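S.K.: Each chain is listed here by its residues.
2 protein chains.
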Amino acid sequence: MDMLWSGWGDPAKAAPLPDAVTGLLRDLLGVKPRDTAPHALDEIPLSEPAPDPALRALADAVGGPAHVRTDAETRIRHTRGKSTPDLLKIRAGDAGDAPAAVVLPSTHDEVLAVLRACAEHGLAVVPFGGGTSVVGGLAPERSAFVALDLRRMNAMLAIDPVSRTATLQPGLRAPDAEALLAEYGFTLGHFPQSYEWATIGGFAAARSSGQASAGYGRFDEMVLGLTLATPEGTLDTGRAPRSAAGPDLRQLVLGSEGAFGVITSVTVRIRPLPRTRVYEGWRFASFEEGATALRRLAQDGPRPTVLRLSDETETFVGLAQPDAIGSAGAPAAAGCTAIAGYEGTEEETARRREEAAAVLRAAGGTYLGAEPGERWAHGRYSAPYLRDALLDAGAFAETLETATFWSRVPELYAAVRTALTETLTAAGTPPLVMCHISHVYENGASLYFTVVSAQGEDAVAHWAPAKEAANEAVLSAGGTISHHHGVGTDHRDWYLREAGPLGVEALRAVKRRLDPDDVLNPGILLPVD
Amino acid sequence: MDMLWSGWGDPAKAAPLPDAVTGLLRDLLGVKPRDTAPHALDEIPLSEPAPDPALRALADAVGGPAHVRTDAETRIRHTRGKSTPDLLKIRAGDAGDAPAAVVLPSTHDEVLAVLRACAEHGLAVVPFGGGTSVVGGLAPERSAFVALDLRRMNAMLAIDPVSRTATLQPGLRAPDAEALLAEYGFTLGHFPQSYEWATIGGFAAARSSGQASAGYGRFDEMVLGLTLATPEGTLDTGRAPRSAAGPDLRQLVLGSEGAFGVITSVTVRIRPLPRTRVYEGWRFASFEEGATALRRLAQDGPRPTVLRLSDETETFVGLAQPDAIGSAGAPAAAGCTAIAGYEGTEEETARRREEAAAVLRAAGGTYLGAEPGERWAHGRYSAPYLRDALLDAGAFAETLETATFWSRVPELYAAVRTALTETLTAAGTPPLVMCHISHVYENGASLYFTVVSAQGEDAVAHWAPAKEAANEAVLSAGGTISHHHGVGTDHRDWYLREAGPLGVEALRAVKRRLDPDDVLNPGILLPVD
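Top line first, the protein sequences correspond to chains A and B. All letters in the first sequence, in the order written, are residues 3 to 531 by the numbering used here. All letters in the second sequence, in the order written, are residues 3 to 531 by the numbering used here.
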């Protein structure tokens, strides 16, 4: 199934905003109904597709014209990603960043052939998995480009139950990967919010991190090997789980966001399917108290599989358990809600849960029972649907995220909140800024912010200064410009400052060597030379 | 204190071979006494030191001539590393790879100045920490080079007990780092065999892995940030514990072995000092049975802090507990000895130990009590002293190591053993080949081989074909050319094959950008252009 072109997910799952939320938007944020309905798909203007000689070369590369698409719908479905500005633009009928063609290779060699054909015909290439980028990772700074859709490369190539590894093709969607692994009793354990749509290749390219990262680790920690197709040939990495043979080339491919090559296979570590899953709610008096509790578990254990903490605002609004929003009694809670989840064998889960509960209690937590946890688990992939409904209602809603070391978390939290609040208030649309910690490490944590406000006259332009102020706050408070969304084009200028001039030069040197004609995702991650 | 120039460690700790071992060498391996005593240090011929203008420039770079040394002893002490061929050469009076000068900067800026001075005066630079490389990492392919000794940069720059991080200078030796951290109640937990002499910078440059890696992780997993001084300026990495902001540049510096720059600070994660340490012995009927037991713990836990398994030969010889060799009753044990160690709080350690014991028992293990564990712990840094004694006795002794995925461990084990045994037997010196697993991961393990044989006429040349055969076996059986020793010059040609042509080109591109004049460790890791 294809995703809703003008928003998120399965159109059948779209839900209107609960009345309670509509009232909140109106009374608290001054949101007024506006006509924000998407244009009709077939009325959206498009540039000319790629010229015929290029299309013929692409068809040759992928085994025939059936796998090269230039129809309007396919091109629009491959236009940009799923950030709020992306949605606002496409809803408004702006397909200015549409690919000149969409090509669907089925093998590594076909990917290599596509790269050659594009270099010959002056086309750039944007690798396209689930299309869920929220950082401008699918809109290169080149007008003539081809979207290289990896959906035909969706097989499990190998599984090694002894070593607990599996080799997966990049176009495999996460639920399909889980289904294939489940047949052997295994799971990958990677459940980001984009889970239902995102692909293995995308996870690797963007250094994804899932909601169960406390237990299963980040995606970059799961990857044991990668194959990369580049205009200059093939790069194969990962002969051993760990090695001292030079710099870890896997970590150069992970996070390269398609700028160095197209990931054509990923070998990942897999784990036994958990027998039990328990998610529970806890309440803390303050975000600081809750953060300290999470830190204790992250540093001294026992480590839950899922561990997250909403700040006071997110808790009050009910977004700590998105599924509960608008339902009787759920929102408007005091303090901060935390979710702790445990997955594993029954015995091990029970013990970990009991011990973690003791730590959380000692740190000031009040046990809320399983209901908040189950509500969170049930609604864990629904926030992007909620955003569509907010946009429909004339509100603006967007998220951004960062990470830093534990001792700097309070400063970073305050700096980003202040930046967003002040900028949007000064622009006449005082926002609701919510935050949660959703990924914890021994040495630090991520901070994930959700902003809701009234839309400005031009909603995209209205948001830009707030996002810019947040980015500046992230950098000056010592955070990373992205903990799991990636760089794309949206974060690029701040990323360059974070990596530093020489870091950027090192990456540029790699880029020039692997992609001398700048065919791959020009302007994404690194600026065009 | 300086290390013994002609061998390993503290000369006061040198010990003669036990008679039992001498008998074994003679009867089993045909080792004959030979005159292998080192030449006198002051009789070793040396090339001319660096010319005066270069020395003046170096003195300017490091705040005066007191920190630029050209005396014979200092130059000889900075000649090559501590591989067996290195020792054989220096014992034989061959200081052909001696640096033209030894320079001792005290700050990051002084390191930058040294790099500039060397580029101007046509000198290469070899960063020098503990001097413990066993892969030719200190003998560049350029005759005129300076050893950049980092011993003056041995401070702890910062400690953050909340985030549990510390920022350390590169010349800090591991025991000194532990002493500094212990004042705050923390440990790094990195205990490789070179522990007593090796430095923080060396650990990072060579992607070191310590004996407690099952509990504390590899050094590359401990590193959160690095500062690198290069001829083109400074590279600073690590704004957050984890990030999705592009490729992980830390992993490009880790394992770069001084070829990309000089590491001038390392931010590491630290952990609370353990309250308890328990090391115990287990016996398995076969290496395969033991390996399966280790795999179970690595995959499903509970994970001991130290976990190692000697094969039948190593167990029989007694090298599973080096401290026991030659003592009554210790060697000549049957089956395979494993050591499992636990460190942490008393309660947590006790439980982990009990649960791990159940797993080891279920996997066929027989509990041997604490004595073998304590013997192992007591002798854990003594193997290199034993090697000196073996060389003195006219024997040859060397180690090599690799890693692969669990399902390939048996094949890799057999391939390397066979390669070493056949090559040395054909050359007239049938060896004793011993092996242990000392690092376990969810997805695989390391294999560490020790070879003892009679010396050939020219011991260095005699060993070369065996080492080459072992390297070929490693690559063809799917292993990595090094799990924790690194690449240096010794493994380079095999490393190039492991990384693949395009991987090598990517690294070369980085090298050229950061070190355009090939000042840094020319020929180490990557061949000279």
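Heads up, some of the hints might be wrong.
[What the hints assert, rightly or not] Facing chain A, from chain B, some residues (calculated, C-beta under 10 Å):
id : residue
1  : G248
2  : L528
3  : D531
[Said to hold, decoys possible] Covered stretches of chain A (in silico footprint by chain B; criterion: 3 or more residues with CB under 8 Å from a CB of chain B, positions within the stretch not fixed):
id : segment
4  : 57–69
5  : 187–199
6  : 209–216
7  : 240–248
8  : 498–510
Hint data in this document are derived by calculation from the structure and do not stem from the laboratory. Computed from a prediction, not measured in an experiment: that's the story for all the values here. Virtual Cβ for every residue (Gly too), placed ideally from N, Cα, C.
S.K.: Taking the hints in turn, state whether each one holds.
M.R.: Structure-based check of all given hints:
no.: 1; hint: G248; result: holds, 5 Å
no.: 2; hint: L528; result: holds, 9 Å
no.: 3; hint: D531; result: violated, 14 Å
no.: 4; hint: 57–69; result: violated (count 0)
no.: 5; hint: 187–199; result: violated (count 0)
no.: 6; hint: 209–216; result: holds (count 3)
no.: 7; hint: 240–248; result: holds (count 8)
no.: 8; hint: 498–510; result: holds (count 10)
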